[in-house]
Every structure is written in C-alpha cells, then in structure tokens.
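S.K.: This is what each chain is made of:
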Amino acid sequence: MAAPYRVVHYLNPFFFGLGGEEKASIEPTAKAGPFGPGRPLQEALGGEAEIVKTVTCGDNFFAERAEEASDRLLDLIEESRPHLLLAGPAFDAGRYGLACGHLCRKAGATLNIPAITALAPGNPGIEHSKDVYILSTSNSVRGMNPALQDMARLGLKLMRGEPLHSAREEGYLPRGFRKNFRVEKRGADRALDMLLAKVRGRAFETELILPKFDGVPPAPPVKDLESAKIALVTTEGLVPKGNPDRMDSTRADRYAKYRIEDLDALDASAFEFHHGGFSTADVNNDPHRAVPLDVLREMEREGRIGKLFGDIYSFAGCSTYYETAAGMGREIARELKGRGVNAVLILSS
Amino acid sequence: MKLTLNSFPVDEIKDSRKTALDGHRLLVNRQEMRDLLLEDERLISAEIDFAHPGESCRIINILDIFDPRIKAEGETFSGILGPAKLAGSGTTNVLRGMSIVTCGPLDGAEDAFLDMTGPCAELSPFAGLETVVVRLTPAPGLDRGGFARAAVEAGVKASGYLGETTRSGTPEGSERFEQNSLSGSNGRDDSLPRIAYIYPIYSQGDARDMLLYGRNTRDLIPTLIHPNEVMDGAVVWAGFCRPAKNVTYNHLNHGVIRTLYEAHGRSISFAGVIVTNHPKLFSDKVLYAEMMARFAADILAADGVIVTKDSGGQADPDLMQICEKCEERGVKTTLLTMEAAGDGGSSAGALVDASSRADAIVAVGNTVEEVRLPRMERILGGDRLKDFEQDPRYPVEVCFNKVPGAISLFGDNRLAALEI
Numbered sequence: 001m002a003a004p005y006r007v008v009h010y011l012n013p014f015f016f017g018l019g020g021e022e023k024a025s026i027e028p029t030a031k032a033g034p035f036g037p038g039r040p041l042q043e044a045l046g047g048e049a050e051i052v053k054t055v056t057c058g059d060n061f062f063a064e065r066a067e068e069a070s071d072r073l074l075d076l077i078e079e080s081r082p083h084l085l086l087a088g089p090a091f092d093a094g095r096y097g098l099a100c101g102h103l104c105r106k107a108g109a110t111l112n113i114p115a116i117t118a119l120a121p122g123n124p125g126i127e128h129s130k131d132v133y134i135l136s137t138s139n140s141v142r143g144m145n146p147a148l149q150d151m152a153r154l155g156l157k158l159m160r161g162e163p164l165h166s167a168r169e170e171g172y173l174p175r176g177f178r179k180n181f182r183v184e185k186r187g188a189d190r191a192l193d194m195l196l197a198k199v200r201g202r203a204f205e206t207e208l209i210l211p212k213f214d215g216v217p218p219a220p221p222v223k224d225l226e227s228a229k230i231a232l233v234t235t236e237g238l239v240p241k242g243n244p245d246r247m248d249s250t251r252a253d254r255y256a257k258y259r260i261e262d263l264d265a266l267d268a269s270a271f272e273f274h275h276g277g278f279s280t281a282d283v284n285n286d287p288h289r290a291v292p293l294d295v296l297r298e299m300e301r302e303g304r305i306g307k308l309f310g311d312i313y314s315f316a317g318c319s320t321y322y323e324t325a326a327g328m329g330r331e332i333a334r335e336l337k338g339r340g341v342n343a344v345l346i347l348s349s
Numbered sequence: 001m002k003l004t005l006n007s008f009p010v011d012e013i014k015d016s017r018k019t020a021l022d023g024h025r026l027l028v029n030r031q032e033m034r035d036l037l038l039e040d041e042r043l044i045s046a047e048i049d050f051a052h053p054g055e056s057c058r059i060i061n062i063l064d065i066f067d068p069r070i071k072a073e074g075e076t077f078s079g080i081l082g083p084a085k086l087a088g089s090g091t092t093n094v095l096r097g098m099s100i101v102t103c104g105p106l107d108g109a110e111d112a113f114l115d116m117t118g119p120c121a122e123l124s125p126f127a128g129l130e131t132v133v134v135r136l137t138p139a140p141g142l143d144r145g146g147f148a149r150a151a152v153e154a155g156v157k158a159s160g161y162l163g164e165t166t167r168s169g170t171p172e173g174s175e176r177f178e179q180n181s182l183s184g185s186n187g188r189d190d191s192l193p194r195i196a197y198i199y200p201i202y203s204q205g206d207a208r209d210m211l212l213y214g215r216n217t218r219d220l221i222p223t224l225i226h227p228n229e230v231m232d233g234a235v236v237w238a239g240f241c242r243p244a245k246n247v248t249y250n251h252l253n254h255g256v257i258r259t260l261y262e263a264h265g266r267s268i269s270f271a272g273v274i275v276t277n278h279p280k281l282f283s284d285k286v287l288y289a290e291m292m293a294r295f296a297a298d299i300l301a302a303d304g305v306i307v308t309k310d311s312g313g314q315a316d317p318d319l320m321q322i323c324e325k326c327e328e329r330g331v332k333t334t335l336l337t338m339e340a341a342g343d344g345g346s347s348a349g350a351l352v353d354a355s356s357r358a359d360a361i362v363a364v365g366n367t368v369e370e371v372r373l374p375r376m377e378r379i380l381g382g383d384r385l386k387d388f389e390q391d392p393r394y395p396v397e398v399c400f401n402k403v404p405g406a407i408s409l410f411g412d413n414r415l416a417a418l419e420i
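If you read the sequences in order, they're chains A and B. Residue numbering for the first sequence follows this note's numbering, beginning at 1 and increasing consecutively. Residue numbering for the second sequence follows this note's numbering, beginning at 1 and increasing consecutively.
So here's chain A without its partners, still in its complex pose (with noise of 0.2 Å):
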C-alpha cells in the first residue's frame, strides 16, 4: 500500500552521489526514489510518507542560473504532485544553501506547499527564513542525523496539517510573526525566574526582541515664517460630525484629508474628534483646543505666518502600527513638499 504522503527531495550533485565540484555546473534532473541522506530521511519518515523523487541540480548552474534553475526544478517537482519539498540538509555550505532556500520558497509560492530546509546559522541561505521553514543545523555533515530526524518531525507535522508550536519548540528560525501560545509557566512565574537569572548573572532568553526605531533628524528651522506654507497635520483623530469617512479610532491605516482652506475656525457643531485614546469632551467642546485654527488665522491675517496649506491631514494616532504611521507619514510628507509646503505643525493628543 502506497504511503499517504509524498516527499520530494532536493539534494546538491554531490550529496545525491554524483560527485564533487565537478559536477557543480549539472543541469536540473531527477530520479525516483531517495538517494544519499534521503535514505536515512526515508526512515526516519517511516511508513507515512514516501519520498518519490530525488531533485538535483550542480550549485554553481543555480547560483548562476537561479531563475532557470528553480523553475525547472519546480516543473520536475510538480510532475510528483508532492505533498511536501524538503531540501538539503545543506550545513555550512554557502552555494547549495542558498538554493535550497530559493528552491524552497518557490514551491511555497508556485505549488503551494510546505517546504523545508537545514541549514547551519551562518549559512547565507537563512535570508529566506522569512518564507521557507529552516531548521538549524550543525556547520558540519556530523550534524546529518539529527537534522533529518527534524526534518522528517516538522515535515510529518505540516503534511498531518497539525498546529505548530512556537519557531523556538519546532526547532526553525522565526520567520518574523508572533502568534499566542500556550505555555507551561504563568507570565509571572516566567518574569520572576528571568529577573532571578538576570540578578544571578545566569543566561536568560527574552521572549520579545525589540526592534530599533529610526530616529528622525529635526528639519531645519524656518528661515522666514512671514512668506512660510504652512500645513496642519494632526493625530487627535480630527473629523466632520458623524465620521462620515469612518475613520478608526485606534489603529488607523489610513488618513483623511480635510478641507481647511475657506474656514476661519472649526466650529464644534461640525466637527469632532473620534480618539481611542484619550477623553474628547474637551476637544469636542472646543476644537480649538486641539487644532488652534481661529489663532492661526489670526497669525496669518497678521502676517505673522506666510499661508495656511488648504488641507488638514488626519488620524487617530493610537496603537497605529509602526510601519503603517511611517508609511503614512512619508506619503503625507511627500505629498507636502509637492505642493511647496515649508513646514508642517503637527497637533498631537
């Protein structure tokens, strides 16, 4: 009786046993069955899964070729509707780990299923742990066995469709998501036995890598503010009565363009604020208290600033994703400079 699941493996000339650097310019081919360690990986498969095919392709004619190299991989790939790639181990090696990589991530993309390599931390490779499962290796071959008994593990688990736990319990680099598990410790059992670590000296793993933020250079001054194009930017979530663009009032993805232009203040019966996290009432009263516009006007009129751009930008600036708000931001700046604004008072909550 036939396996339930099929495997194809991708292994370099070498390892799939047709030589060394030699071979290193072969064009893709394949052959049914498991060759070299996909012996051993066959086994460690065990009855549940088969591997149907071996893949080959000489790592300089990829390196080279990357494109031509994967799609005909893929095409010979394909013709084993396959339930799973899996592809090296590769260790330390620098050429076929990064095909592995690449390889791995088009079957994801193309064919759309799981795919797996291994590879050592240093291997260039792992600049595709973004899409591809990675297992970590050892930088050596003597690494072999138990990078296969991992491979056949994860690989065994996706084809079943089982959940995974975390990149850490699985043995794969994280791929760059979080995602809520459940674990054996409370959060403050877990707080109190990393500070006790932290105090003794002792090694301790954080369960949140910070990211740096860009520090953002302050512009220049304004030489002239009498002739200056001056625009209103504002996070305290500024809109029309009613939200008629219903707006979010925590974790906006977008922002609102107001016009400005023919106003001499924001009169509070037209508009409001819809902030998530602060209490309007007092903006909602007075708008002036957020967006001093009748002040502005005045300074204008006095000529005091050059001109008010005709536009207000807008949004709630609470729990906006980091990457959406400098999105936003860079967009909105752009569009700015278009139009020959000088500086921007940006109003904050």
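Everything labelled a hint here was simulated from the structure, so no lab data went into it. Backbone N, C-alpha and C define an ideal beta-carbon position, used for all residues, glycine too.
Taking lysine to any residue and the SDA-like style, the derived pairs with C-alpha atoms no more than 25 Å apart in a straight line are: (1) 280(B) - 251(A); (2) 185(A) - 193(B); (3) 185(A) - 266(B); (4) 179(A) - 165(A); (5) 212(A) - 127(A); (6) 179(A) - 420(B); (7) 157(A) - 344(B); (8) 280(B) - 348(A).
Across the chosen pairs, the derived CB separations fall in these ranges: (9) 81(B) - 222(A): 52 to 58 Å; (10) 297(A) - 36(B): 54 to 60 Å; (11) 161(A) - 73(B): 55 to 61 Å; (12) 331(A) - 36(B): 54 to 60 Å.
Negatives, chain A to chain B, calculated, CB over 10 Å: (13) 31; (14) 68; (15) 95; (16) 142; (17) 270; (18) 329.
Knowing the structure of chain A, use the given hints to seat chain B on it.
M.R.: For chain B alone, coordinates are given in the frame of chain A:
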C-alpha cells in the same frame, strides 16, 4: 503588616428566599440584592442573573469584575463607600471560585465578550468561575462619570453583600501575607536577592482610571504601597472594562504580587511595591522613572524589579524609561508586556517604544490575534453590542483583547506571544 485571606469555595450558585452560604452552594435572594443596589438613586434598574461554567452564555457590556469579600473588621474596598482607612491588615473572607460581573451601557466602553463555554472559556479564567451578573441601568440624565461611579459603588456593594454570607462560617483555607520592607527579609535569609515590583496603574481621565483608596489616580505620583493593601481592595477600577486591561479582580488576586509572596523567604526577599500611574507628559514619564529607580535602589535596596504596565501605547515609554533608570542604578529589570503585533502577526513594532536596555521581556500575549467565538444561546449584561452590528448571540470574530482575562498584564495565566 499582616493580612489573612480566608477562602470559602463556591461551586454552585442558586436562587433562594434567603441569601446564605450552604457548604459550597451560594444561595442568593436576588430581590434583596437588587433592592440594596437600587437604594442608589443614580440607578433605575439592577438585574441579577447567574452564569455557570460550561453554559452556552455570553456576557457583554462588561464594566468590571469583582470577587465577593468581607473584612472581619472594617471596610472592604476602603475609600469607595466611606472614608478611606489603611487596608491590608486583619482578616478578609473571600468567596473563591466565583465572580461578580457588573455590566451596563457606559459611553465609551469597549465591547467585551465573556462566553462561559467554547474557545473563550479556554482563554479566560473568568469563564471557569460561577458568575453573578449585575446589569445596571443609569437614571435618565445621569452623565458618564456619574454612572461610572455608581457602577463602581454597585460592584463594591454586591461584593460585600455576597461576602457577608461568610460572616459566621468556617473557612476551608487560609493564607497569611506578611512582608516588611524595612526589616530586611523578616528575619529570614538575608543573602536572598531583594526583588521589588513596580506597579503602574491605568489612569487616563474620567471613568478611565483606577481608583486608589477611592480617589482618581491621574495625578498620582510614585509612592510605596504595601502588597497587602493591593490584595485587600485599595485599588479598584473606576469605570468601564477595557477588556485587555486589568479589572478589579486582577488587582485583588494580583499575579505578580502572589508570585513574589510565594517566593519570599525561599528564592527571594520581597522588597516591596512601588505604585504609580501612567503620566501623560513625557517629562513626567522620565521624572517618575527616576523617582521609582531611586526608591528601588536607595529605599528598597532592590537587586531587581519586575515592571508591569496597565495600558497599551503610551504605557510603553513608561516601561522603557523605568527600565533604563533602574538599570542605570544597577537594579536589574524584567518587563511584562502585552503587544500588538503588526499585520498578520508581524514582529515589527509590537511596542511603540523600545530601549536597548530592555533585554528581559515576558510577552504575555498578542492582543490583536483573532479568535472566532461560536453562537451562544443566552446573552447577559445587555441587549446589543456597541461596535458590532449583529445579534449578540451570533458567532463573532474578535481579537484577544476583547476577552477579559485572555491576556493577563499581571502574568496570571499561561499565555505567551512567541515567534513563529
């Protein structure tokens, strides 16, 4: 300061003509309880219902969650109904295995979902408790702040009313809590590391802050508080439940304080608790962090501190400032934080601030991960949802932060947000 918490377990709640504790059964005269709450003219109705673990029942419009308790002498929740007196000593009886959930139509409150069965029950410890639901309706014309305050007082009264059933009973268990910062480890092993706790509480304006001894905390500056004061009702939620935040129950049964007490004299010496709010101004965040680092280093002589937060977003700079100022003074820090991972759970920007000194973080959960809650047969707490235009009984996709108790900012459950 010595506090004894007596436990009276409850595993069944039933209607009765007389409110009493009969073994593990709590009998409740709902009419009498309702009449007590309606003595407050700010309320025009108070419906009392029971929800049981495993029942197909969804509680919505949640304002706060309490446990029933009574002090042998003196006022529980000091400062809410009468003049504030120092909490944290003497004997307090607590009904365990149950909670009181107050509900009502408070403007600005977020939707909260507490299902007594299904995925929600796996996420929230509150779903595993026998529950008395108190649904309040404000008198016409009562403003938001007025209703929020009336709801707090109703919760405190309900807690005391049911707690009163333990008055003449015999507890099944008893815990003693004693900690004295100034005399080292209470005469125990002084070589143990001294660990303190920095405890910021939510404080964002009207009906949006915690009460300390019954008063608003938006102008609170850092101060020392005894852990027993917290466990004995000095800290109460002032308004509506933001489901990802701590409700009063979480402060009464504080995960970090209990953990530090359990380790006290064994692996650590519990050096003390510093309470603060999350100030609005950045300059205050820096000032408060410096004050607290000085308390931790110079007054509590702490080797390390655990730091929690009680809010998202603007609480993150507090965490980072506290971390930096403590580490600069040689006090090691571990931070507990929930996070809002980006689109699809992307790791980037889980917090809104970051310090390179923050190298020991316990990730208590990703608030924006979604969970699908199935249809529930019975709805308590209100008739309609606020932000979802659908029948409240229907299946609904919600984020973890809409389920009270799913994410514990005080590390009181086993959830962790981890890399995948």
